[in-house]
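**Student:** We have chain A; now place chain B onto it with these hints.
The lines below spell out each chain.
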Amino acid sequence: MIRNIRNIFEQVSDVVYACDLKGTLIFVNRYTCNFLGVSAEEILNKHFTEFISDDQKNVLKAQLRSKSLDDLNGFYNEIKLKTKSDNDLWIGQRMHLIRDDQGSPSYLLMIGHLISKLKSQELSLRETELKLKTIINSALDAVVVIDQEGQITEWNTQAESIFGWKKSEVLGKRISETIIPDQHVEAHEKGMNNYMKTGHGPVLNKRIEIIGKKSDGSIFPIELAIIPNKIGGKHFFSAFVRDITKKNEQEQALKESEQRWQKLVNNQPEAIQITKNAVVEYLNPAGYELYGVSEPEEIIGKNLLEVTSPSKKSKFNERLSKLSKGETLTPLEFDITTLKGHRKTIEVRSTPIVFKGEKMIQTIARDITEKKKNERRREELLSQLKKANDNLSEFAHVISHDLKAPLRAISSLSEWLIEDYEDKLDKDGRQSLQLLIQNVSRMDQLIDGVLSYSMATQSQGLHEQIQTKNQIQSVKRLLNIPKNITIELKGDFPLIVFNKFQFRQIVQNLLSNSIKFIGAEDGRIEIQSEYLKEKHSWLFSFKDNGPGISENKEEVFQLFSSYSDKKTDSTGIGLSIVKKILNDHGERIWFENNKENGVTFYFTLKEHYDTYERAEIDFTT
Amino acid sequence: MKGLKSILLLEDDAIEVKKVHRALKKLDIPNNLVVCRNGVEGLNWLSSNPDNLPGTILLDLSMPKMNGFEFLDRIKQDSKYRKIPVVVLTTSNHQEDKLRSFDKQVAGYMVKPVRYSEFVKMLKTIKSYWNTSELAY
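Quick mapping for you: the protein sequence lines, in order, are chains A and B. Position 135 (the first sequence) corresponds to 135 in this note's numbering; numbering is contiguous. Position 122 (the second sequence) corresponds to 1122 in this note's numbering; numbering is contiguous.
Calculated from the structure, these hints are not laboratory results. Each hint can be trusted.
With a Cα cut of at most 20 angstroms, we get these calculated SDA-like pairs of lysine to any residue:
(1) K1018/B <-> H401/A
(2) K1121/B <-> L413/A
(3) K1018/B <-> L403/A
(4) K1025/B <-> W416/A
(5) K1065/B <-> D402/A
(6) K1121/B <-> Q438/A
(7) K1018/B <-> P406/A
(8) K1098/B <-> E394/A
(9) K1098/B <-> I399/A
(10) K1018/B <-> D420/A
(11) K1121/B <-> S441/A
(12) K1098/B <-> V398/A
(13) K1124/B <-> W416/A
(14) K82/A <-> L44/A
(15) K1065/B <-> V398/A
(16) K1026/B <-> L413/A
(17) K1121/B <-> L417/A
(18) K1121/B <-> D420/A
(19) K1025/B <-> L417/A
(20) K1018/B <-> A405/A
(21) K1098/B <-> L478/A
Only chain A is shown next, with the shape it has when bound in the complex:
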């Protein structure tokens, strides 16, 4: 090679190298050595393919093999070179076949230039575009890009689903004829024009909430950000759109829920306070009332522990720490002095809540001053009542002992007179003494009767479940029933909850009454019960075939009504006691004379008697 040409090749900033016809490198210029990172000595006399990237070696060999030497002259190919530091560099090279003076092929001269940069740029550009498309399509927001004429140039999958337009339908269309609601079209056009003139747009580069239009014409709330850009002197605008219908609904629901809470809390008759570390953050109107607060600053921001009496402070602290651990607390009762100086008893229930995003404690306080007062009054009354009952009981004792003792004495003395002076007494005298004794006996029965009456409703036991049939039969066995009288229980008898003693007393008195008056040769008493569905009650009837009752109906039940009836051994107290027991339970007793003969007594009993009064609203009925 001519020396000065060689020098020229050494100077150029292109890849220049030469190899013999076998491919052995005979020349490599400095530029090539530089970017391969080798010295000329290192590569000369080596086969040129040693510097070809491994994956390209076979490709190149195949290319070369398919061509004759002449074909190679002027052949352009792109090959990947391997640098010493293992980077791949693409070069584009053209081969030149150099012949000697005789015209025989002498060697191959390659002149090439680096195309690595261009090659990777081309690749990455395609990749980036694809990536970008994928990103845009997988974005959660709808992405809409328009050019400066307002025509849509980009429309992602989300945009299709939000607005209902296919990409193919909207590309090239103006957004004012697709997604901008009619009422906003004018403002949009003006805004665009203004931006083109001034470079300013009040709605650009920020998130705004506005409405959008779907392909079916329906309007819906959107959140929108428009970013203006300029490439190659041309403006375009990227819009990121989010459908906020749901978000708005949620916000609305939240707002409504908040309002509801406010209303609820404001109208609560109970005080509701929210505290953070014992400092009052919120108090409802009932709370102002309860604590006697006139101005918010009197209570809001106040630490309640500071106004707590030292004796209670540890108790309150303990409750606070339990609450913060999420434990549930039982209601607490204590006394307070209000800001107006009134003393009140309140009951509080506290629960941990989140208020304004922070963990706080909600306390519901109730004024139980009146309730407590009533409770005390009730207790007092109850104890008075108990005392009165005890007194009555004692009174009964005194009567039975003190009134009866003289009676017994009179009776005994009369009998002794008869016994001791039998010879001296004439018939009249004996008769008088007998009458005296009889009257004393009667007086004794009357006293017993009055006592039973007064004790009738003093409970000798609590209400219990009783099998009425068994109880009636048991009473029947205890009574001394004359042989001429049969007592029959007809049909079913209920299980009821009632005071056993009182039920037995009712049965006993009604039966004794019938037995006493029946008189007939063939006496019959029939006892029956019947369920009255409407009244949830059982109707009991005691039917006899005695003489019936001719008296005024109510008089029968009055104390001593049969006292004047000398024929029988009756005090007339039995029915009064029955009536009293039934009346005390809100029930009644009545009688009807039978068509043929005798009388039937009726009374009702419920299946159950509560110890408390029926509620105003009873969900169980």
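**Tutor:** Using the frame of chain A, we list chain B on its own:
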């Protein structure tokens, strides 16, 4: 009358005492009747006659100073007297008094009848009781 145990009557009403006397006589009951007018007197008599303890105690419930229940409590706590049968003789027909008496381990509970003749019959029943029980004491 020696060898027969006495009957201790605790009763504050003179006529009732007389009634018991008459009835015992009528029923030919030869045992000696010791009368105390209340529980205190009764306890005193018992403690001063340790060798002559009664075979039966007839006990009225309502008495001054120490009533029948208190008296029962005292003698049932004392091993010396615990086994003497006690028959309550009272005007009280009260269920509560009956249950309370039986809780205190009385041998019988008699409601005093108004008629003297009935009382005699009642005592006759008691008599049969202490005649048979005498063997045990």
